[in-house]
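J.: Construct all of the structure, not just a fragment, from the sequences and the given hints.
There are 4 protein chains.
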Amino acid sequence: MSADTPSDRVDGLLELRNKLRTFAAERDWEKFHSPKNIAIALSVEASELLERFQWLTEAESRSLPSTTLAQVREEMADVLLYLVILADKLDVNLVDATRMKLEVNALKYPVESARGNSKKYTDL
Amino acid sequence: MSADTPSDRVDGLLELRNKLRTFAAERDWEKFHSPKNIAIALSVEASELLERFQWLTEAESRSLPSTTLAQVREEMADVLLYLVILADKLDVNLVDATRMKLEVNALKYPVESARGNSKKYTDL
Amino acid sequence: MSADTPSDRVDGLLELRNKLRTFAAERDWEKFHSPKNIAIALSVEASELLERFQWLTEAESRSLPSTTLAQVREEMADVLLYLVILADKLDVNLVDATRMKLEVNALKYPVESARGNSKKYTDL
Amino acid sequence: MSADTPSDRVDGLLELRNKLRTFAAERDWEKFHSPKNIAIALSVEASELLERFQWLTEAESRSLPSTTLAQVREEMADVLLYLVILADKLDVNLVDATRMKLEVNALKYPVESARGNSKKYTDL
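Protein chains in written order, with the working numbering: chain Z, 3 to 126; chain R, 3 to 126; chain B, 3 to 126; chain P, 3 to 126.
A portion of the hints provided could be inaccurate.
As the list claims (entries may be wrong) - With a Cα cut of at most 20 angstroms, we get these calculated DMTMM-like pairs of lysine to aspartate or glutamate: (1) R/K110 with Z/D80; (2) P/K33 with R/E62; (3) P/K91 with P/E17; (4) Z/K103 with Z/D90.
As the list claims (entries may be wrong) - Pair by pair, the computed Cβ-Cβ distance ranges are: (5) B/E32 with Z/D93: 45 to 51 angstroms; (6) P/A27 with Z/S68: 52 to 58 angstroms; (7) P/R19 with B/K33: 31 to 37 angstroms; (8) R/K110 with B/K33: 36 to 42 angstroms; (9) B/K121 with R/D30: 38 to 44 angstroms; (10) Z/E114 with P/R101: 51 to 57 angstroms; (11) Z/R64 with P/L109: 32 to 38 angstroms; (12) B/K33 with Z/R23: 44 to 50 angstroms; (13) R/N95 with P/D93: 44 to 50 angstroms; (14) R/D93 with Z/D93: 30 to 36 angstroms; (15) R/D93 with Z/N20: 24 to 30 angstroms; (16) Z/R101 with B/D93: 43 to 49 angstroms.
Keep in mind the hints are simulated off the structure, nothing from the lab.
We treat Cβ as the ideally placed atom computed from N, Cα and C, and that holds for glycine.
T.: In structure tokens form, the structure reads like this:
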């Protein structure tokens, strides 16, 4: 990352948002991009990502062959694309929202009781 | 955003990655975090996001009440959390992957033929 | 259906279950068929079904072209296949389980308060 | 099953369809039940089912505690409910569709080449 230009480093998500705006505008796709439709598309892409792991063991999923990894990488990109579009439509700052969620999670899953188990917080 | 410190501005996703590493390590959760399991969790969260829009019309989804928007924001955060964890496990640079995917999409959906329709590229 | 043999009519789901057992056994696929993996596959197929409706309006989804309907039909079959496999693994009687769930739902959504709105029962 | 009345045995799915028609009509819910919305709901329920298995190992998923099994059973019922509603809206015979899909799958995954591996048929 050392050679990034400052503007490049400043905000990858903002850059993506701007590119996606142009992309949709050039194709006149905004009419399809209701938040409901984008949420559907995001969920469909998350499932396509999951499909890549479907019949693998957990151990196998930890050491993917390079062709699978390339496919997984592409599906992850699709998820992020739709997440950024949805954030743009709803005027959500993704990084801020996630920072706040992490703080909520820290309260829900205190280190002592959550340590080493995966129970849902309501069962802790 | 004008008051962000440079280090804050440089990389929100990197900051999230670091916080998530600490979060999982403190709770000894890495053993649950096989890429397969994270992909499942990501897909489940994307569906919880979709659930918020489930019975809304597209028009309603364009003007969410503030309580729904707050829930949607939180579900979006969950999606990004798992996406960042997965990217960390698989050593994927999310912004680079998405930049590349956008270039692929630009070839798949040329402005002329994609304009105003939502057909899958194989049908164009 | 008038020409169905009695045994054919008696239990379509049971017939499917038996065929699916043979199908998996002949291919030595039981080792992949942990309930967890089947639940993943079911979710992936449900998303492929949803994908067919992704960019349609609700009105369009009410009058599908025949080619789309054929694809939708096939995805619905995939969902049922995995649901029947999972029910078999877990010894669940699908029709009984669904009868019971309908009774639960009737209590959760009383006719008077649920009439004409789609609120979750916790919000009624 | 020995004490089932013949009409009861003949068609559990048909019985469910009829009950679901009444259920939706009494609550004036047909207006929400576009095939697109039902496909969303089905996908959301399939994810709720998957969520029950999310952090379990495959081995654990093969021997669920009874409380988890009860939850799983209920989520499976929800999936079938929406699948039957969708089939009704689209005039699809679920058992016939699934029989046909099994025949297609038998051609796609010949016993000899599919034996013991989980590759997608395009990779066989």
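J.: What hints, given by number in increasing order, does this structure fail?
T.: When the structure is compared with the hints, none of them turns out to be violated.
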